[in-house]
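Q: Quick note, the sequences are listed as chains A and B, same order. The first sequence begins at -1 in my numbering and counts up one residue at a time. The second sequence begins at 15 in my numbering and counts up one residue at a time.
Derived by calculation from the structure, the hints in this document are not laboratory data. Each hint should be verified, as a subset may be incorrect.
Listed next, the in silico DSS-like pairs over lysine-lysine satisfying Cα-Cα at most 27 Å (straight line) [said to hold, decoys possible]:
#, chain 1, residue 1, chain 2, residue 2
1, A, Lys43, A, Lys118
2, A, Lys5, B, Lys30
3, A, Lys5, B, Lys386
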Amino acid sequence: MALEKEKDRAEGFSRRAFVVGAFQAGFLAVLGGRLAWLQMVEGNKYKVLAERNRINLKMMAPARGQIVDRFGVPFAVNNQNFRVMVIPEQTDDLRQSLKLLQQQIKIDDAQIEKVIALAKKSPSYTPLEIEDKLTWEEVATVEVNMPDLPGMSIDMGEERHYPFADATAHIIGYVGAASKKDQETDKDPLLTLPNFQVGKIGIERTFDSSLRGTAGSSQVEVNVVGREVRELNNLQSKEGKRLVLSIDAELQRFAQQRLSAERSASAVVMDVHSGEIYALASYPAFDPNYFTGGISHERYEELRSDITLPLMNKAVAGQYPPGSTFKMITALAALEAGVVTEGTTCFCPGHFSFGNTRFHCWKPSGHGTVNVVSALAESCDTYFYKLSSDLGIKRIAAMAHKLGLGQIFEMELKEERAGLVPDEDWKKKNLGEPWHPGETVIASIGQGYMLATPLQLAVMTARIVNGGKAVQPWLAGYIGEERIKRGVWEDLDLNPKHVEIVMRGMNRVVNDQRGTAYGSRIKEEGLSMAGKTGTAQVKRITKQERAMGVKNENLPWQFRHHALFVGYAPVENPRYACSVVVEHGVGGSKAAAPVARDLLTLTMQRNPASQPIVASPVTPKKDKSYG
Amino acid sequence: MANTLQITGEGSLLQKLKYINWGLVFLIVAFASVGFTALYSAAGGNFEPWAAKQMTRFSVFMVGMIVIALIDIKIWYRIAYPLYGICLILLIIVEVMGHIGMGAQRWINLGFIQIQPSELMKICLVLALAKFFHSASSEDMKSFRFLGIAAAFLVGPFLLVATQPDLGTATVITAVGIAMFFLAGAPVWIFIAGLVAACAAAPMGWMLLHDYQKNRVLTFLDPERDPLGAGYHITQSKIALGSGGWEGKGFLQGTQSHLSFLPEKHTDFIFTMWVEEWGFFGGIFILALIALILSYGAWISLRCRHAFGRLLAFGLMVNFSIYCFVNIAMVMGLIPVVGVPLPMISYGGTAMMSVVIGFGLMICCNVHKDAKLPRM
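Chain B extracted, bound-state conformation (with noise of 0.2 Å):
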């Protein structure tokens, strides 16, 4: 019992080190390092515009997750709310300046750093919702008054993401959300009801649409639609992933990537640029990390004696993984463009941060899995 309370309360610095899950550590660094070579590859083989940059900057953040993890659970646990809160009033900022300013507008410069408030958002929903279904009973559960305000959280930065407009990163957001309510254990017949409701509503929301998204959709379903044009970047995508067969062209020799045929090879389609160079062996490669990670997470998550660290572990760790199939499937034809990138490998700081704050708070769950969470 004691020993329980050490480790939940105030455990020395020591004693959580030793719990932190430096196996998931290792492979984020893997992880990251995979974006570093593939960084380096796309600037013809130098460190210099990105790899360098992106690797400073995973330095920082890795310091920072580890801070994130050691960071007493109650303190996650108590802010969360605020957080979101936070995260909602920068939305509606970004928001406001993109009316007032020029178009559309996803970030807020603080001068040292820009901030793109949706990727921020992805994280406070899950600790939000994490909070929420903490204290939620099987009763509360089947309320429609709970699950109502529940879908408050979701609905408002969605609505807000959408008018950006950022399609991507509103579909990630309200995948996550419906992750959380299903592993909260909302009803299943509700998620039914909600496919055919989706359904139903589908070609009224194909004409609130831009015509660039549109022309996006259209295009994914016919890349030779517009060979040239919103086409090309399915297209040079699909060559340069086939042409890559099982072996690759080799490190440095991707000819799509480095004759500059191929769109954004250094942010969204550096999954292309990689199997490119690397060939099938190399996109198995990062397809095994990124199982291995799950996989980790969602181990975490089960170890977790506390509903707030399991659904808070889990519900990161899918945020991870739908950033990591919707940018490969993008790339790979599979659905439409809709600019989200491989967090991590792909060349920014917004979404690594986001990621990296995510692990930190999975390996957090990890070190204060037995603590003791009050229920509200």
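Extracted from the complex, chain A is given alone in its bound form (with noise of 0.2 Å):
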């Protein structure tokens, strides 16, 4: 009975077991298919990912491309920058280290403390810069206390140099640490390095994407914790590439010089055939090597804050009332379309009466009797009042357009600015009013809302004494060893005789007695040059202030009248165009012309268009020429 109860119990227990050892086996099988799963379904993910947690990719910066001169004069170079590192984990106590260290070479107590704190925050093999811009006795000295200073080194890093300053300030622009938005809108991974510096505003700009060049990476492996553990490949990183600009910087460093002597001026000299620009200036400008290292917040609002506005780019972006040197533009369209001849004349009383309105000349005494060449010789106003209400804003505005006013270049300076044309249609839209026919009278003397700037009066110019093709100006003539192409210019389809007649005119404004600017003639054997000058009004004068015979250098600076100059040169076979701007100048002849003069006579003599620009500019030694 006991065996037979004991039997029961046994079979019992088998089948029990039975069960439970079938839930185990059960457990088996799971564990092999997921091992299965992982390992052979996702196995390949699991590959990536694995691989991805072993190497690092370390990107290794380039150097940026340099920018110089038609001539290979360095505009924009790297400079080494000799830095002293801190690993803190090699040290053995970092304080006692750095003060060695502090008794080798000058390092401000704010800055050990500072290093001291970021050791804190960062993993201890983090290498941690000291100080920076080293001078050649500070590396020698630490390098030789070398063994007394474990765990530091001398790091070779680049630097962005400016060597021309201001100079080139407002062309070559500086570069900056690539910021937030930089790194939204440009995926390139050398952005996401700390302290990349990407172009912040003119050819750097620009060019950034060519100049900046092709990361270099060396793939490390890394253990979780980011240390790393080996070097398995390096690829070199490509320089940016060069870039050669069509400035002269003797012409340019000369250009900014003597815009110095206003207290804020803007000039550009160019090609009139084919396009390139020897100079582009602006005053006041700023030291972009200040930005590099990253401006200090009162320097740069200092800058901000000017009224002289020394961040600007004058020469592309500031908008001025043409003022006389419109009259070109007026003249051309009234004898393109016939409302003039070369014979018709006028009689200047020193006003002109417009239903109500009485128009001054800026001569109250009147020019006498004017043809359409002593009406540009002697800027009479009253010859181009008249003619207006015959010729109409909307060909004022169509050989404006023509010539190269109220429009973008597109030239490699992203801080140009379109200026103004203004005629029916854009006074409606933008200001929902009709457009008054005393509006076109003013238009025609290049006042009212008309705005240029002073590159685009340079082209307008330029347009003029090519024969008539409509140039483009440009700043970039290589990219590496890459030409960059430039159309053929369109032909703007001017009557030859008409243009002949209004060159005569403004040959005349220099070299005639009677001429505006004979002051400013060129005085240089063998050398000459043409022009208009221009005082645009930024005030309206007040009926008061005329019957008082208030002298506009008077006034307060903000107030007084702009000065231009727009001019060619060589009278015969003109091959360079200038204009200049002296904001608050007060008069065209005599703040603006002598610039002119003296920025053509540079020119002539220099003569940069006889030297076309070439890849690779031999960058010469410093001779008697180049200061």
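Taking the hints as your guide, dock the two standalone chains into a single complex.
A: Written as structure tokens, this is what we have:
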């Protein structure tokens, strides 16, 4: 009985054991299946993840491409920047080590504290910068004392340097650390490198991608805490391309210096045929070298709040009423339209009445009988007032557009502004008001809503004197070995006879005793220029002021007239066009013309047009012609 | 008849040695050797600091295992309750020390060795329940009173371990206990009712969990929830496993493990490291070893002529299997991270000791399979 019972129990146990065993077998099968799933089905996915875990791609910044002038004179270079670094974990006592270093080279106590604070926040194997821009002596001192300074090393970085400082600031621009916004719009991984610099304004910004170069990479195996275990392979970075500009450094430097005689001014010198720009100056400027290392807030605020706008490239972004420099456009438009001919004369009593309004000529006593040539030479306003109502704003605006006003040339400076050529449609659309005929009268002498940049005025002059070709201005000749292609300039279809008449007028402006810029004629043997003065009203002259004979130069600076001059040289076979705007310089003939004379004189002497831009100009050694 | 007496009673040492399952011993050594290899690799190709120590420990424990196997099963039967009682007291001591001392405490330091009472409790619980069910009649197995007393054996250790808190071990203890009840012949409806009750109590249990435990469960359900925090272990473990492929990356070549992406590679996540280096075949090899060891245990159990031996051997086998299943399922992301080592392969003495004692007792059942045990 007991035996029988024991047998039953054993059998019962066996059945139960079988169930448990079956469960266990099931678990084992699940585990095996899961293993197969992870390794077979998802294996490749995990392989990729494992590889990513293991290998860290370390980017190495390329050297930024140089920017040079047409002769190879460097405008933007990379200077070596020696820094002393420390790896905290390699020092016995960081503070002690830093104090030792302090005995060797000059370091602020505040900087020491900054390094110690930074060391607490970062992994102990990351190198920290203690001091940068070390002099050679400091580098040597640190190197010699290296055995006593465990964990310290000298590191050579590169820093953008602009040898011409403020003389090229507005063309070249500057670089700065890539901002969050830069990183969002530009997906180049280089931008994620700490302190990686990108072009912020000027040529540095426009050609940033070419100048930047290609990142090198170093694949390093890292462990989970990011410490490098070993380097797997190394791909050299590719230096950015060298950019050759059309600028003549010497002329540029001179232009900037010449403008500094004024409080705020800008000038452009360009080739009337090729469109290349030889000088593009805007004064006052700033030293871009302050920006590369991170400009202080105070200094930046100072620049920003200055009413002479040193941060603005006025040569391309300054928009001024062109004043009398606009008269060539009105004259050409009138001649082309047949509103006037060379022989059409008119009498200037010193004012022009239109409806109930009296428009004044700049010369209160009047010019007497003038034709189109003498009206240009003596800048008679009345002549243009008179023809404007027959000509109409439409044809004036059309000629202005033809000659380059009211448009962006998409030259290589993104700071460029479009200016404004008003007409009926523009006024209706933007101000919601109809065009008054009186507005055509003042538009004919480049006043009213009319606005132009110095660059546009130079292009306008070039287009008149180059035989009516729609020349476009440009700055960049070569990117690396690659010539930047320029199109063939479109013919503007101007009657050469009309152009000749206008040019004759411009010649007389400078070279006729009665011309408004006769005082600024070039006296040097064999050199000559022609041009047109302009005085742009900033503030309406009140009747009271006119009656009292208040002199414009006695008004506060910001209410004085702008002084303008556009010119070309030589008179025969023009090659160079120039525009000068002296902000609040009172009179074009007195303030702007002499600047243009000096610029065009040096341009003709240097004659940069005789040496076309080449891909790799040999950087000249310092000789007598280059300072 | 005389033959039987010799074996069960005071049979000669030589005869007893003959009845030791040398095949099982071989499997155990093979299983432990996987651990030595893995630990050697985990140290980057060094016996120090883990492999050498583990081997020494294993050698000592193997001697202990044989000794345990040779001790008369009647002695084990007799001291089953006292052993259980000692374990319970040790658990209480740990609990009290934990309250006085520094937070979660699981060990008692005896100077030369650190004892984790919860590990010993698993063995003693199986011993005690095997003894309790040994004398149970089929009527007893239907009596609430009887089953209630048996359940008391389980509830005490469970509560003590769970409050340590060591949820992994508490789960293993519960699972082993339930298996014992089932093997002893408790009515099936109890298990079904228990399952329903457990599901109903789950939300309440959830509230009792510590934040880090809740985190582990939540992270298990969605590892990407916190890929660099709590989910990191699971994610990295899966990457290591998955990237191993068929043949693995080769001995000492596991990138995840050697670049220390894999956490706890020498303890809880050693299976991962092994599979990363030895691939699918390596993983299957371990699973096959486990299957063989379990089969051996089942075979020993079924050959036993007394209920105590059957229950003891099978219970210990289930204990070992739960260890393995929980650990491997955890590293493969099938269950939350619970901190259960892979016995004998993971570095550490406590788990190895408890498993080896278990094997010793299992073999003891085989050596004394025909012993006549009293019924109380």
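Q: Does each hint fit the structure? Answer for all of them.
A: Here is what the structure says about each hint:
For the given pair, A/Lys43 sits about 38 Å from A/Lys118 by alpha-carbon distance, which is inconsistent with the 27 Å threshold. In summary, the hint linking A/Lys5 to B/Lys30 is supported, as the alpha carbons are separated by about 26 Å, within the 27 Å threshold. For the hint pairing A/Lys5 with B/Lys386, the CA-to-CA distance comes to about 15 Å; that is within 27 Å, so the pair holds.
In summary, the one numbered hint that this structure violates is 1.
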